[in-house]
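What follows is the residue order along each chain.
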Amino acid sequence: DTVPPQVVPGADSSSRQLCFAWGPAEVLVCETLFGRAGGSRSRCPSRFWGEGRAGAAARALTDSVAGTEDGAPSNSRVFVVRRDQDIYIQTLRKLFNESHGIFMGLQRSEEELAGKSRKAQLVQVSKNYRSVIRACMEDMHQAAVSTRDPALQGQYSTQVSILSAMELIWNLCEILFVEAATAGPLLLRLLDWVRLHVCDVDSMVREVLSSESPSKHKLFWNVVDVFVLQGRMDEARHLLSKEASANPASRNMYKILDDLMKKMPVPSLSNTQTLTELELKWQHWHEECQRYLQDGTFASNPHMESICKILLGDEDAILEKKELMTTWYHFLVTRLLYSHPTVKPMELRFYAQSSMDLFLGGESSPEPLDLILMAAFEFEMHQVIKECSIVLSNWWFVAHLTDLLDHCKLLQSHNLYFGSNMREFLLLEYASGLFSHHSLWQLGVDYFDHCPEYGRVYLELHIERIPLSTEQKALKVLRICEQRQMHEQVRSICKIMAMKALRNNRLGSALSWSIRAKDAAFATLISDRFLKDYCERGCFSDLDLIDNLGPSMLLSDRLTFLGKYREFHRLYGEQRFPEAARLLLTLMTAHIAPCSFWMTLLTDALPLLEQKEVIFSAEQTYELMRCLEDLTAGNPDKQKFQDDDIETTKVEMLRLALARNLARVIVKEGTVEGS
Amino acid sequence: AMEDVSAKFVSQKISRTRWRPLPAAALQPPDIFATGSWDNEDNRISIWSAGDLGNAGLNGEYHGEPHLLCDIQHNGDVMDMQFLDQERIVVASSTGTVTIFRHHQNNQTLSANHRWEKAHYHVDQDTSYGGAACTGVVCNNPEIVTVGEDGRINLFRADQKDAVRTIDNADSSTLHAVTFLRTTEILTVNSIGQLKIWDLRQQRNEPSQIFSLAGDRVPLHCVDRHPNQQHIVATGGQDGMLSIWDIRQGTMPVSLLNAHEAEMWEVHFHPSDPDHLFTCSEDGSLWHWDTSTNVSEKPSFLHQGGRSTAYLSHSTINQSVVSAWLSNDPTKDRMEITNLIPNQTLSVNSLDVLGPCLVYGTDAEAIYVNRQLFA
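For the protein sequence lines, the chains are E and A, in the order given.
Reading the first sequence from the start, the letters are residues 1 to 675 in our numbering.
Reading the second sequence from the start, the letters are residues 1 to 375 in our numbering.
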C-alpha cells in the first residue's frame, strides 16, 4: 500500500536542504542555505503524511524570506503546504456550508426511532447529502460553461467529474450500506443508480427522439438498445412501435418482441410477491424467450435478434453493446437484470468481479474509481473509505460518509490504534482543514463538538490561532469559548484584546475586556495607567467609564480605589465636603489606596482643610496626621523627600494646615459641647 | 411560513443585508437588496434581485432564488451598510474607511463614488495612525454619521470631502451602533451597556443624555428607534436581551425581554408597521416580535423558549403612555413572538424588513428572502 512520495512543486530538494515546521493543518517548507553536499542527512524529507495525499497543495509565499544570518542576500522561499486543497475552491463552499446543516441535523436526530423509521430517516439524510453534491455540480458546470478562460474551464470540468464520481460512490454506498436493499429491491435500486449516472448516451437519446422520424435515424437501434440495457422497457417499446408501424411486413415479429418485453417479470418494491414466485415467473418467461430465439422468429432482423439475446442474458450479446454501456458497472447491472434479477447483496461481489474482468478484457487496468466501487460491491466499507481518502483531494467526502455509516451502526468494531475511532479521526481531519481556512473556521467548531475523544483538545488548539482582526470577530470567538467553558481561551482572548486596546491608548476598552475576563491583575495594571494619567494631567480621562463601573469595580483593589477616588472628586465637585472628606480618609485608613498615592490624597485634603467651615473633625484630623507621619517616617525612600524641595514644602504645608485645622476644630467642638 | 422563504448559498459569510429603499408612492414590493461580506480574504459588496415575481405560482407562493446583479471588491470586513438613496450605499469597513458605492442600474455595475480613508483610527503609543474598525453608519441624506472602535463619532456630508464634525474620544469604550433620533440628534450604544443621545447642534463634545443598563454593564450591540413614536427606542445586548427604552423618562430601560441566547446583532422596527419588530442573533435565531395581535382572548399562560410561538409578559415599570411597546396593561400586556428560523446553527448577522419582505444573511454563507412576512 505504499504511495509514491510527494514533492512540493517548486521546492528544490535536489540542490538544497529543506526544513519543516508542522502546523495543525499546514506544513511550512523552507529552503535552507545548505546545499545537498554539505548536509549529512540521507533522507529526502519532502514526503508528507505517510499515506500521501493526491491533493496536497503547495503555495509559495509571494515574498522571499528576507535576510540571512550573515546578511547575504538569499532567495530561499517558504512554501505553505496544505493538506486539504478543495477547501479553497470557492464554489465548494456551498457544499461545506450546506452539508454542515445536514451533519448537524443528523447529530441531533433521534436515535430512539427504531427499525424502519430510523432507516428511512438515515436514507433521507444520505439523499440530502447527495442533492447538495448535485447542486454543487450544477453550479460548477454553469461556471465551466460561462467562463472564457480555458484554464479555468479545465479546472471546473475536473471538479465536475470529481463531484460526479463522489455522488456515484455515495449513491452506491447508500443502496448497499445505508438502505441495505435486499434481494429484489436491490436490483431496482441498482438500475436507478445506473440510469442516474450513465449519462454519456443521453445526448444521443435526445437527438434521436427529437428528430422528425426517429425510426429513420441512423442511431435508432442504438437508442432502443440503450433503453433495453438500462431496463427502460416502456420507452424501448414506445420506440419500437414507431418502427413497427413503418414496417407492416414484419408487424408480427414486432408484436412478439413487444409482448416479451411487456411480460418480463420485475421485482416489486412492495411485498405482494415472494422471491420464489418471481423466480418461477422469471423461469417461465425466460423459456418463452428461448423458444422464440431458437425457432428463428427474429432471424430476419439482426437488431431484434440481438435484443432477444440480451433479454436472455447472453453475455456476448450484451458485451457487444459495450460502447452503449460505457462502464463495467453498467454491464454488471444489465447482466444482473437479465440473468440474476433476484441477486442477494452477498452474491454481488462475484458478479462484480467477473463483470469488471469481462468488460475490461485485460485491455485496461482498473482505475481508482473502479477499485472503490468494487470494494463497495464486496461490502468492504473500510476499503471504500480508505481508497477514497487516498484518491480524493478533500476530507469532506470521507468524513461525512463515515459519519453517516457510523450512525447506521456499521462501523462500531473498527478502532484505530491510537484510540479514537475512524469516524472521529476523519472528522478531526476535515475540521482541521476548515480551521486552516480564512473564513470556514466557524463550521469546524461544530464538527469538533461531535468528536467525543479529541474534539475538545483540537478546538482549544485551533481556536487560539484564529486572528482577532476586529472586536466583532473576537466576540464571536469568545462566544464559542464561553459556551464550552474554555476558561483559559476566554482569558487569553480577552487579554489579547485588552493589550491591543492598551497599545492603542483605549484605556476604557482595555478595562472592559479585562472585566469580561475577570482578569484582576490586568485591571490593576490599567487602573494604574488611569491614575498615572490623572497625576500627570490633573484630570481624569474616560469619566463615562469610571463613573459607570458598577459592581465590576470590585474586580481588583486598584479598580475599587480608582472608582472611589473618582467618587471623591465628584463629591468635592458637588461641594459635598463632609462626605468627600470622610471618603478621602477612609481610602487611606482602610488601605484601599496604594501607599504611593497617599501623598496625592493628602494634598487633595489641603483645600478641604483650608475651607472657611471646619470639615475634618478632631478625630479625623488626628488620623490624617498619623497618615502623614506614617508616610514620611515609614517611607524607606526618605532621602527623596529631603532632596525634593517641593515635596518638603508640601509636607510642611500639610503639617501647618493640619495644625490649624486642629486648632479650629478644638475650639469649634469645645464650643458646641460647651453650649 | 418557511415555505415562502427562498435561500441562496453565496460562498461568503454575510455581515449585512439591506433592501434598497422604495421610491415614494411605489406600489411594487421591494426587489433589490445589497449584501456585504466579512472575514473573507476578498470581501464584496453585492447587489441582488430577490427574483422575478412573474415566477410566482398559482397560489402566489414564490420559488425563485435571489440572483446576483453585480458586485465589487471591498477592503476589509463590511461592518455596517446603509442606503443613502436609491443609488448610493454607504459602507463601513473594519479598516476604518467609509465608502460610498454607486449602483449604476442601467448597466448593472458598482463603483466607489467617494471614500473617507481611515475615518476611524487609533493613535498608538508610537503615535502612528492605524485604522480602527468603523462599526456603525447611519444616513439621512445628505448626512452620514459613523461610529467606531476608536470611540469616535464622525459627521459627513455626501457632497463634502472633509468631515463636517468629528467628536474624538466621544466614548471611552467601543461604540457598536448609531441611529438618528431626530434630524439633529443621534443615539449611540456602547460596550459598557450605555445608550447615549448626542445633539449635533451643540459644540460640546459630551452626550446630552446617558441611559444605562442596571447591574452588570452588558454591552449593547444594536439600536433602533420607533419610526412614529420617537421616544421609544429598542436596543439589543450581548446576552441577547431586547431592551425597550422610553427616552423621555428615567435612565433605565422600560422593559427587558429575553429570547435570544447570544449576542443580538440587529434590531429593526418594521418601518411602516411598527407594532412588529425583528431581531437576529449569534445563536442562529431570528425572532419576530408582534404586539399587534389582540391576545386578550388567547390563553395567557407563559410558554417560553418554544420554537414556534410564545407569549411573553413585560416586566414593566409604571407607564402612562398607551403604546404597545410601553404598555403594562395586564390584559393587553402580551406579545406574540415567533422564531422564523428553526434548526439554524450559525449566526444570523443581519436582517432588514421593508413592506412584506424580509432579507437576512448568515455565517453559514447563505442569504434568505421571505416575501410574505405577514401571510
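Hints are computed from structural coordinates only; laboratory data are not their basis.
Ideal placement from N, C-alpha and C gives every residue a C-beta, glycine not left out.
Certain hints may be false.
Unchecked claim - Residues from chain A that face chain E, not an exhaustive set, calculated with beta carbons under 7 Å: (1) Ala-7; (2) Phe-9; (3) Lys-13; (4) His-67; (5) Asp-71; (6) Thr-174; (7) Ser-191; (8) Gln-209; (9) Ala-262; (10) Asp-363; (11) Ala-364.
Claimed, not checked - Cross-link-like lysine to aspartate or glutamate pairs, in silico, DMTMM-like; alpha carbons within 25 Å at most: (12) E:Lys-532 to A:Asp-283; (13) E:Lys-94 to A:Asp-4; (14) E:Lys-518 to A:Asp-283.
Said to hold, decoys possible - A short list of chain A residues far from chain E (calculated; beta carbon distances all over 12 Å): (15) Ser-37; (16) Thr-184; (17) Glu-336.
Subject >> List of violated hint numbers, smallest to largest >> reply: 1, 4, 5, 8, 12 and 15
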